[in-house]
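There are 2 protein chains.
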Amino acid sequence: MSDKTEINSSYIDELTLLIEAQNSNELISRIVELHIADIAEIIEDLSLENAKYLFELISDEEKSAAVLVELEDDTREELLEDLSAKEIAKEVIDNLESDDAADIIGELSEDKKEEVLSHIEDEELAKDISDLLNYPEDTAGGLMAKELIKVNENWNTVQCLKEMRKQADDVKKVYTIYVVDDNDKLLGLLSLRKLLLTERSTSIRDIITTEITSVKATTDDEDVANIMLKYDLVALPVIDNLGRLIGRITVDDVMDVAKEEAEKDYQMASGITEDVESSDSVRELTRARLPWLLIGMMGGLLGAEVIGVFDLKENLELAFFIPLIAAMGGNVGVQSAAIVVQGLANDSLKMENLLQKLIKELGVGLLNGLICSVIILGAAFGLGYSLELSLTVSISLLAVIIFAAVFGTFIPLTLEKYKIDPALATGPFITTVNDVLGLFIYFWIGQAIL
Amino acid sequence: MSDKTEINSSYIDELTLLIEAQNSNELISRIVELHIADIAEIIEDLSLENAKYLFELISDEEKSAAVLVELEDDTREELLEDLSAKEIAKEVIDNLESDDAADIIGELSEDKKEEVLSHIEDEELAKDISDLLNYPEDTAGGLMAKELIKVNENWNTVQCLKEMRKQADDVKKVYTIYVVDDNDKLLGLLSLRKLLLTERSTSIRDIITTEITSVKATTDDEDVANIMLKYDLVALPVIDNLGRLIGRITVDDVMDVAKEEAEKDYQMASGITEDVESSDSVRELTRARLPWLLIGMMGGLLGAEVIGVFDLKENLELAFFIPLIAAMGGNVGVQSAAIVVQGLANDSLKMENLLQKLIKELGVGLLNGLICSVIILGAAFGLGYSLELSLTVSISLLAVIIFAAVFGTFIPLTLEKYKIDPALATGPFITTVNDVLGLFIYFWIGQAIL
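Keeping their order, the protein sequence lines are chains C and A. Sequential numbering from 1 applies to the first sequence in the working numbering. Sequential numbering from 1 applies to the second sequence in the working numbering.
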């Protein structure tokens, strides 16, 4: 990247020294050159006190409002705490588009929410925000902004440009122009490119594109992300039940959704229950990680009970392969679950024909299981373990792998069917259940053979 | 999503029947209504033979070329096999923008590559493609298209619009207009919005935005994705070492990169070594999953040897908690590694101060370890296991958790330092190593206490 400051630890240290020396002139001259996303990153990396000092040095209200939008929720909350409702309305909200404004107001307490709304000078904006606050955060309505450029099908390009000049003050990024009828019903779109390149006074009706993808306000945000990714859209119009245009979603809002979703699934699979980063505090990191560890421990205790049920003294060598059986059950289960969760997340897996999926997974399990069990039979016998023990391990491994593959597929599909996040099933949960059941299978087969 | 066909299994079955009945009229009338992304999805879901039949029914060359771009590599290869070099050049390449064209030609054999290039009618396009083929796939140069709209700083808006009309035929999506000097050096950009809204005959120099982010052609594709996400860009200009504008990257190309990267990390963490989907064949799925299972098995055999080294007969009850110790080491290691890998992927983790990171992770490990070891001490003793055994498990668990946390952080950071993909360290690898070392710690402490 050219002409951009790299924000590394030494850069942060440098700024910290400037802040502690209260060298506001030097700091201001640096801030002026920075992109809002960089200022936000710096603020996240500073201590709260220093962050507040730096934030107050941003003299341009539009810039400081934009920085607030880029910050993480908890940092934003801390910075807003020092501002009165009136200041939030005038210095922050009045400088934002309706979607960002609604997100920020939505985080405030009920009392403060109303107070801030009452102080917004731009009445249109206040009305828009109040509308947007009605939509759940994880729907198209929660993502959309009210600002958009729309023209009537009956106009020509000259009227269109004139009207656009009026509307464009409010809209920072114009990707497309929406065409509506007299009742505000969405008919199609007009690309800026076409508008630039056609003769003046052409009728809108002649250059409208009617093949258009739109979503309802109630559409789930992940579906919105998938649609925009699939159809390569930079903006997506949102309609109500009567087909009337009520807002639009831009690709930058959705990229965050898609990324957060992928990161969340990954964290779940790794046994992390809250969205944490390595820069979070030891306490936060511990809290995010402890729940799964406790589940793992319960599984371990259950495992101990299973081993206790069987008479280990008579078949002592069975203990040698406990780690192998437990680990393999877990590994196979995690693999199966990951394929299902990812398929559901990117919409490539269809929820019909569940039986077909399970039969296929049975095939994969059988193939993997046969290969592994033949290898382990040779390896264990070759390493000097008895033939009986080697056979026990080999047969158990086959059974455990097949079982874990089917189970690892079945659980997330079932969760999805009952509208529970299937990612819950991945990682430590599947591992733990497969550990315990794998041990059971192993000892049961062991007793039969040895 | 309104007015879109849902592509589910029954829809695919319906199409399959139509294809097998060779009902081409009905099929054609359906294809005409479909978005290219939907046609591509359908083709992926059909058998190869049926897919070929359906593909040949797309009469619009521009549409069939666009469908090919959307397909997965192996499907595209199969469909292109039936076409001669001349057909590929005329029916496919001539209908594409340079970046997609270069991607498709790049997949062909060396001989066919040259033959196709020689048949391209549009000389400008052939030159652009041949340029693009020089850049590695995973760099900004490999992502960019040569088609873009650029204007000279010395022009005014009227000249600008005139020139744009000329250039815009080649450029499907115009997001921004780049402004260059007489040597093609990138100076800034002009938003379409500004161009639409200013008076005619204004000088370009008066409405140019000079605060502009650009990348070099050699920039890594993941960095490109991070930059576009961070700064909310829909298009990013690419420059050479002299600062001359040589191409541009659009957000749709980059969304795929960001998504694929997140999916790849997730698959790695789940022990899947190739990019597979649940719709792939049993053979492909098995091949992607077997490598990690074999590593897991080796770990299990090593675990058996570790247990064999210690005299289990004297302390039989030690065997009960083998699953617990092994599982917890794995779980903690996976958590630690996931936080590092995700931090590196989204650029939030800085690679300096590695020692500081390890010390912090030590803190997290200590806190989690202390909580877990106190709980397990109470639980095991409460369940009737001897105090000595409960103490052994408790102390071992503390040691294993701390060790696994530090190890799980250290390994991916080290891989990153030596430019190896840190995601390799997550999942089964970390689990397996921590399993074996955890057992060692456990039996060693057990022998000392019991």
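Be a bit skeptical, because a hint or two may be false.
As the list claims (entries may be wrong) - For lysine-lysine, the following DSS-like pairs were computed, each having C-alpha atoms within a straight-line distance of at most 25 Å:
hint	chain 1	residue 1	chain 2	residue 2
1	C	K264	A	K259
2	A	K194	C	K313
3	A	K173	C	K194
4	C	K173	A	K313
Unchecked claim - Taking CB as the label site, the calculated pair distances span:
hint	chain 1	residue 1	chain 2	residue 2	range
5	C	Q22	A	K417	48 to 54 Å
6	A	K417	C	D74	55 to 61 Å
7	C	N8	A	D184	28 to 34 Å
8	A	S10	C	L316	40 to 46 Å
9	A	L366	C	D311	56 to 62 Å
10	A	K216	C	K216	40 to 46 Å
11	C	D311	A	E388	17 to 23 Å
12	C	E123	A	D138	19 to 25 Å
13	C	G384	A	K216	55 to 61 Å
Derived by calculation from the structure, the hints in this document are not laboratory data. Glycine included, every Cβ here is placed at the ideal spot set by N, Cα and C.
Need the list of violated hint numbers for this structure, in ascending order.
Of the numbered hints, 2, 4, 5, 6, 8, 9, 12 do not hold.
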